[in-house]
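K.L.:
Order-wise, the sequence lines are chains A and B. For the first sequence, the numbering used here gives the first residue as 13, with consecutive numbering after it. For the second sequence, the numbering used here gives the first residue as 20, with consecutive numbering after it.
Note that these hints are calculated values from the structure, not bench results. Treat the hints with care, since some could be wrong.
Not the full set, but computed from the structure, chain B residues with beta-carbon under 10 Å of chain A [claimed, not checked]:
# : residue
1 : F174
2 : F232
3 : G281
4 : A338
To give an idea of the chain A side of the interface with chain B (calculated C-beta under 10 Å), a few residues [unchecked claim]:
#  : residue
5  : Y126
6  : K130
7  : A159
8  : P163
9  : L178
10 : E181
11 : E241
12 : S243
Glycine is no exception: its CB is placed at the ideal position from the N, C-alpha and C atoms.
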Amino acid sequence: MASDHVIETEGLTKEFKGFRAVNNVRLRVARGTIHALIGPNGAGKTTCFNLITKFLQPTTGRILYNGRDITAMKPHDVARLGLVRSFQISAVFPHLTVLENVRVALQRTLGTSYHFWKPETSVAVLDDRAMDLLEQVGVESYAHLQAVELPYGRKRALEIATTLALDPEMLLLDEPMAGMGREDIRRISDLIRRVAANRTVLMVEHNLSVVADLSDRITVLARGEILAEGSYEEVSSNPAVVEAYMGTGHG
Amino acid sequence: MTSTSRRASGGAGRNVDLIVFAVLVAALLVAPLAVYPVLLMKVLCFALFACAFNLLIGYGGLLSFGHAMFFGFAAYVSGYTVKTWGFSTELGILAGTAVAAALGLVAGVIAIRRQGIYFAMVTLALAQMVFFFCLQAPFTGGEDGIQAIPRRPLFGLVDISGDLSLYYVVLAIFAAGFLIIWRTIHSPFGQVLKAIRENEARAVSLGYAVDRFKLIAFVLSATLAGLAGATKALVFQLASLTDVTWQMSGEVVLMTLVGGMGTVFGPIVGAAVIVVMQNTFTGFGEWVLVAQGCIFVLTVLLFRRGIVGEIVAIARRRAAAGEAVGREAPAGG
Chain A
13 MASDHVIETE GLTKEFKGFR AVNNVRLRVA RGTIHALIGP NGAGKTTCFN LITKFLQPTT
73 GRILYNGRDI TAMKPHDVAR LGLVRSFQIS AVFPHLTVLE NVRVALQRTL GTSYHFWKPE
133 TSVAVLDDRA MDLLEQVGVE SYAHLQAVEL PYGRKRALEI ATTLALDPEM LLLDEPMAGM
193 GREDIRRISD LIRRVAANRT VLMVEHNLSV VADLSDRITV LARGEILAEG SYEEVSSNPA
253 VVEAYMGTGH G
Chain B
20 MTSTSRRASG GAGRNVDLIV FAVLVAALLV APLAVYPVLL MKVLCFALFA CAFNLLIGYG
80 GLLSFGHAMF FGFAAYVSGY TVKTWGFSTE LGILAGTAVA AALGLVAGVI AIRRQGIYFA
140 MVTLALAQMV FFFCLQAPFT GGEDGIQAIP RRPLFGLVDI SGDLSLYYVV LAIFAAGFLI
200 IWRTIHSPFG QVLKAIRENE ARAVSLGYAV DRFKLIAFVL SATLAGLAGA TKALVFQLAS
260 LTDVTWQMSG EVVLMTLVGG MGTVFGPIVG AAVIVVMQNT FTGFGEWVLV AQGCIFVLTV
320 LLFRRGIVGE IVAIARRRAA AGEAVGREAP AGG
């Protein structure tokens, strides 16, 4: 049964000095789906993300990845299992070239990452593979520019290429569309749909049309708790969700 | 198009580095004809020290404010083992360097648990502990330091009692240290280290155990700083408290900043500028410190990239402009 869900959390709770940012969340992400996590500001979406990827340690609760308890693991070990995240602000390595950005992700497979005595040319064998990944996201013509010089939308594309370099089983995307224009949103949406074809994706996103367009299933968080879950139609017609977003109850 | 865009990245920059280094070494080989060798040796020792420091801050993004502990303590160890235990020159330098490496491992394990300013504060605190240990421990000679460290023939063969012959030994040590650092920067390890400097959280999310990379960089930096200190003790035949003070830790920060943090040659230029300035203006006493302070302020305010950093930036801008012109030409035709 457990194999139906890539990620399963049980009673996930995170307290910051008495404030419960995430409260008793039971999140299940089915294999091969795009699952969106939405909710008003401060609902605990990003905290949830940080907990699942182990960038934060939960106060209580368990996290299962493919049925395996990862609650006590370190973030880099979680990444090695194939659970790779992106960040709210674009997470590139600004003063490495675009090619190097992807190559540094590929480099771990060589097993020489600690070898400070080997020449840099020893990682050049990865250049072709890195270029392929850059082509997949359409930034190959920028390969030798420093990443800092890329336009914002291309940086997000590069970030996805870097993530794909690890060939992760599951991607966690933290607000992939934040700060993007319409043109870029369409391009990145297509890209996410493409890479999700044989993977599982969990994403936090504010842009509801993107969520409606991409996701198979949606979980709505409010004040650290799950408010509703289901398809976009189910969730958007749920009065509690509408209230949480519009805040009519407080008027 | 594809064939050119797939060329190995940074290849040109690497070759330029090596050509510049070859020219530098050639110049240093004949430099004693014009410059007093002891001054040159002092510059080389501090240049290696600053290069070692730069490996950590410029490529690992870690600001250590306690590097004098490796530099100064290695000087004591090599001085003591050579003078009191009768170690040969090469063994004395090796002992100082090895102890600095061990000290670096201990300090690194403690300091790397913290980040940013807290990391700097922990290294400063540890360096102060080493300073007070050196002040109190009997083997360091307290305020007197260890004086009259003998210059025994290198490998029992090469006489280094003369300044000129010792100079070439120091030059060889400096060149070896520089090449180790250069290789480290341009290695698979160096790539990951730079990625960690650029965005640590992202490096973690790519599956890298960043603390281990930082620790290796820290130990390498400490080891080479120790090599510089151990060599300096033999040059001046003296190991003293000056080299373990926090002012010494500050001086290496200054050298690196003035020359250009994160550039390959910056620390060498910075060390030369500061050492030569100190030597030239010794007559002015404390005013040297005032001048150093002014240089520091000016660098931070006006030349953020340091001397070499600014030169590289200008060259890049020129190259980019040239490339843009080159790209337009075929498009027009």
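K.L.:
Next step is simple, just say for each hint if it's right about the structure.
P.N.:
Now for the hints, and whether the structure bears them out:
1. Here the hint on B/F174 is broken, as its CB sits about 24 Å from the closest CB of chain A, past 10 Å.
2. Hint status for B/F232: holds, given a least beta-carbon distance of 7 Å to chain A, under 10 Å.
3. A distance limit of 10 Å between C-beta atoms decides the matter here; for B/G281 the minimum to chain A is near 9 Å, and the interface restraint holds.
4. Contact between B/A338 and chain A, as hinted, is not supported at the beta carbon level, the nearest pair being about 12 Å apart and thus beyond 10 Å.
5. Checking A/Y126 against chain B: minimum C-beta separation of about 6 Å stays under 10 Å; hint holds.
6. Contact between A/K130 and chain B, as hinted, is supported at the beta carbon level, the nearest pair being about 5 Å apart and thus within 10 Å.
7. Hint status for A/A159 relative to chain B: holds, with the closest Cβ pair at about 9 Å, below 10 Å.
8. Against a cut-off of 10 Å between C-beta atoms, the interface hint on A/P163 is violated, since the closest Cβ of chain B lies about 17 Å away.
9. Among the interface hints, the one on A/L178 holds; its C-beta lies about 6 Å from the nearest C-beta in chain B, closer than the 10 Å criterion.
10. Because the smallest distance between the Cβ of A/E181 and any Cβ of chain B comes to about 13 Å, over 10 Å, the interface hint for this residue is violated.
11. For A/E241, the interface hint is violated, since its Cβ never comes within 10 Å of a Cβ in chain B; the closest pair sits about 26 Å apart.
12. This hint is violated: A/S243 has a C-beta 30 Å from the nearest C-beta of chain B, more than the 10 Å allowed.
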